[in-house]
Amino acid sequence: MKLNRKEFLERAGRTGLAIFGSTALFEVLSGRELMAGVKNDPSAVRWAMAVDIPKFVNSSDYERCIQVCNKIHNIPQMNDKMHEIKWIWKEKYEHAFPEQSFIQVRSDLKERDILVMCNQCNNPPCVRVCPTQATWQRKDGIVMMDMHRCIGCRYCMAACPYGSRSFNFADPRKYLDIDNINMEYPTRTRGVVEKCDMCAERIDIGLKPLCVDACRDNSLIFGNLNDPKSDIRRALKKRYAIRRKPSLGTEPQVYYLV
Amino acid sequence: MFEKALTGSRRYWILLALLAAVILTGFIFYLKQVNQGLIVTGMSRDISWGLYIAQFTFLVGVAASAVTVVLPYYLHDYRVFGKVTILGEFLAISSVAMCALFIFVDLGQPFRVLNVFIHPTPNSLMFWDTVVLLGYLLLNLVIGWMSLESERRHVPPPAWLRPLIYISIPWAVSIHTITAFLYAGLPGRHLWLSAIIAARFLASAFSAGPALLIILCIILRKNTRFDVGREPLQALGKIIAYALSAHVFFILLEFFTAYYSGIPSHSHSLDYLFFGLDGHATLVPMLWLSAILAVAALFLLINPNTRKKEGLLLFSAAAVFASTWIDKGIGFVVGGFIPNPMDRVVEYLPTVPEIMITLGVWAIGFFILTLLYRITVSVRAQDL
Amino acid sequence: MYDSSKVIPGLLVFLILVTVPVWYNLFSKTSGNVPDPVIDRKYNECVRPAKTMRETHMVLLNEWRDRVVRDSDRSTITVDGAVYHRSLTNTCIKCHSNKAQFCDRCHNYMDVSPDCWDCHSFPEEEPHEAQ
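Chains as they are written, first to last, in the working numbering: chain U, 1 to 258; chain X, 259 to 642; chain E, 643 to 773.
These are computed hints drawn from the structure, not numbers from a lab. You may find that some hints are simply not true.
Said to hold, decoys possible - Chain X residues, not near chain U, derived (Cβ > 12 Å throughout): (1) 259; (2) 279; (3) 289; (4) 297; (5) 336; (6) 399; (7) 474; (8) 477; (9) 488; (10) 503; (11) 513; (12) 533; (13) 539; (14) 563; (15) 622; (16) 641.
What the hints assert, rightly or not - Simulated pairs of lysine-lysine, BS3-like, Cα-Cα distance not exceeding 27 Å: (17) U:71 to E:693; (18) U:90 to U:6; (19) X:566 to X:341; (20) U:174 to U:139; (21) U:208 to E:736; (22) U:174 to E:736; (23) U:229 to U:139; (24) U:71 to E:736; (25) X:496 to X:567; (26) X:480 to X:566; (27) U:81 to X:566; (28) X:567 to X:480; (29) U:90 to U:55; (30) U:208 to U:229; (31) U:55 to U:208; (32) U:81 to U:92; (33) X:496 to U:174; (34) U:174 to E:648; (35) U:245 to U:92; (36) X:341 to X:496.
Stated by the list, open to error - So, partial list: chain U residues that the calculated Cβ filter (under 8 Å) puts toward chain X: (37) 95; (38) 153; (39) 160; (40) 167.
The beta-carbon is built from N, C-alpha and C at its ideal position, and this holds for glycine as well.
With the hints as constraints, model all of the structure from the sequences given.
What follows is the structure, encoded as C-alpha cells:
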C-alpha cells in the first residue's frame, strides 16, 4: 500500500477526528443524563426541605440557622454587598416571592423575612449549563459543587433563577477570622463558585443539615420526599406550600409552608 | 509567508509598537487580576458577567460576519469581493483569537480551562461554543493561509480547499447561534429568554462585521498600496443596510412583545436600559445613543446618494459598529442581569483594571490583524 | 563547516549552560540535602506504606477527592484496625499536621507547588492567604 504524504495526512486527520468524536459520543451514550434531571424513582431517596414561615418570628430565629452555617462552613463575612458570599440568608417576602406579591398580601407576610437558600431543584438549569460538570445533580436530588473542578466561568450563576450562587471574587481567607476557622471543613479559594449543598457531608452520614438542627420548634423540616411517613411529607400533606418561581419549571425542592 | 510581516513602513512599526504598549499595560493589569481575583473588576454577585463577556459576545459576531463576503464570492461567484474575502477571513481569525482571550481573562480559575476538554459536557452550550469556535479558527486559518499562499505562487488553490470553504459558511452561522443559545435557554433571565435572540445576534453581527471591514479597507487604502476599490465597499454598505434593517426590526419586535403583553418580567430589563428602573438609569444615555446611531446609519446606508459618498459611508460604518457594540455588549449582556433574581436593581460599571485588560485584548487582536494584513498587502503588491 | 570558529565555541558554551543543573549541584554544598520530612504521629500507621505514599500520594488524594465529592462515597477505610475517612482535611492532616515540617520539605526540594492548601487548612500553621 503506497501512501503519499497528502493521503497519509488525510487518513490521520480522519482517524483523529473519529477518535475525538467518539470519546465525546461515548460520554453521551454511556448513560449520562443529557438533560439534567433525576428520574422520578419512588424507591430512591429524594431529599427536600420545608421552611415553616410562621415559625420564624424574631431575628434570632433566622440568625440561629444562618450563623451556624456561616461558622461551620467557613463562609467569609465581608461588609460588601457586591461581592458577598451567602449560602443561606433572609430576604423580604416580596423579594423571595416576586410572583406572589401584591399590595394586599396577607398582613403577616407583608414585611416578613423569608429564609432562602439553594433550592436543590429537580430540574436544575445550573447543572445543565456547567461546561465541566463542576456542579451536578446526585441521585438523591442534591445539587453538588466540586470546587476542585470549577473553572470560575460563572455560567451557573447566570443560569440560576434564584440568585442562590456566590462567586469568590477575592481570596475568602482575607474575610475570615483566621484564628477561628473550622479546621474540619475546607475554605474555598478565589475564582470558584459556591452555594448551599444541603450539608452533603452531614446527610451522607445520616445527620441533618446544620440549619435544620440549629432551628427550634421544627421551623425547618428536612427529609425524604419519597418516604410517605417522613416529616416533610406529612407537613406537605397538612399545610399549603408555595415554591419560588414555580412557572420556570426548575422544580425547586425547598417548600415554604405559609 | 510569515517573513512578509517582518518588513514594513515606519507607520507599520509605529502601529505595532503602540499596540504592544497597550498589550503590555493590559498584561500587567491582568497579573493584578490573577493575584487578587476578579474583585478588581466591577462585576458583582448579581452582575456576574460584564465587560469581558460583552466583548466576547460582540466579537463572536464579528468573526461570524466573514460569511458575508465568503458566501457571495464562493457560492455565487460575486467577483466584486475577490480582493476582500481574505480580509474577511483574517478578521475572523483575529476576532476568534480575541474571543478566546476574553473568555480566558474572565475565568476565575483560568489555569483550569482545560477541564472543559478533559470533562466534555454535551448538555452545556459553553462546551459546544468552545468546540465550534476552535473549529472556526482552524477553518479560517487553513482557508485564509492556503488562499493567500496560492495567490502568492500564482496557482489556483488546492481542490480540497473548496469543501472547507463551503463548510465554513454554515459553521459561521453556527458559532453565533450557539453563542446566542448560551443566553436564550436560561429560564431566569427574561431579557435573554426570547426565541429571536439568535436571529438578532446574526443580524447585528452582519452589520458590525462588514462595517469594520469597510473601515479597515479605507485604512488600508490610506496607508498602503492596497486598494480594494469602490465597488466592494458599496456592496458591503448594501449588506449592512439590509442586516441593520433586520437588526432594528428585531429590536422593535422585542419591544412590542415586552410592552404589549404587559408582563412585567418581560419588560423590566428594557425599562432599565431605555427608561431607567427604580431610579437607576446609568445606561439609558448609552442605549439611546445606540438607537440614534443605528437609525442614522440606516438612513445614510439605504439612501444610495448618501451611501455613494465614501465619507458618509465611513461615518455610517463607524456608527453601526459603535451602535451594535453598545447594544450587544453593554445592553444585552449587562441588561440581562438587571433586575436581579430578587427583583432588585444592582448596577454595573467597569473598573480601570477591567478596562485596561479589555483594551489589552483588543490590542492583541489588532496586532494579529496587522500582521496578517501586512502579509496580505505584501503578497498583493508583489505583482504591482 | 562555515564559521566553525564561531559555531564550535558557541556549541560548547551552549552545552555548558544547558548542563548547569548537573554540575552546579555536584559541586555546591547544598547537594546531598535530601529532604527530611517530620511527622507528628497520632496514629500508628499511614493508610498506605511510606514508599507507596512517597510515589503516589497525589494520585491517592485525587482518587479520594473524586470518591468522596463526586461519588458521595464517605465509607471508611480500615488499616491495621484503625478506621480512617478518605479525607485530606480530617485524616491526613491529623497526623501530618505541620505543613512546613512535612509537606513543604519535599515539595520545596522538588520545586512543586500544589494548591491544596489554598482551601484545606493545617492546624499547626496560620491559615495563610492563597498564593
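Results of checking the hints against the structure:
no. : hint           : result
1   : 259            : 20 Å, holds
2   : 279            : 28 Å, holds
3   : 289            : 14 Å, holds
4   : 297            : 4 Å, violated
5   : 336            : 31 Å, holds
6   : 399            : 14 Å, holds
7   : 474            : 31 Å, holds
8   : 477            : 35 Å, holds
9   : 488            : 41 Å, holds
10  : 503            : 30 Å, holds
11  : 513            : 22 Å, holds
12  : 533            : 20 Å, holds
13  : 539            : 19 Å, holds
14  : 563            : 45 Å, holds
15  : 622            : 20 Å, holds
16  : 641            : 28 Å, holds
17  : U:71 to E:693  : 38 Å, violated
18  : U:90 to U:6    : 66 Å, violated
19  : X:566 to X:341 : 20 Å, holds
20  : U:174 to U:139 : 36 Å, violated
21  : U:208 to E:736 : 25 Å, holds
22  : U:174 to E:736 : 24 Å, holds
23  : U:229 to U:139 : 20 Å, holds
24  : U:71 to E:736  : 21 Å, holds
25  : X:496 to X:567 : 13 Å, holds
26  : X:480 to X:566 : 18 Å, holds
27  : U:81 to X:566  : 53 Å, violated
28  : X:567 to X:480 : 16 Å, holds
29  : U:90 to U:55   : 14 Å, holds
30  : U:208 to U:229 : 17 Å, holds
31  : U:55 to U:208  : 19 Å, holds
32  : U:81 to U:92   : 16 Å, holds
33  : X:496 to U:174 : 56 Å, violated
34  : U:174 to E:648 : 56 Å, violated
35  : U:245 to U:92  : 15 Å, holds
36  : X:341 to X:496 : 17 Å, holds
37  : 95             : 4 Å, holds
38  : 153            : 6 Å, holds
39  : 160            : 7 Å, holds
40  : 167            : 6 Å, holds
When each numbered hint is compared with the structure, violations occur for hints 4, 17, 18, 20, 27, 33, 34.
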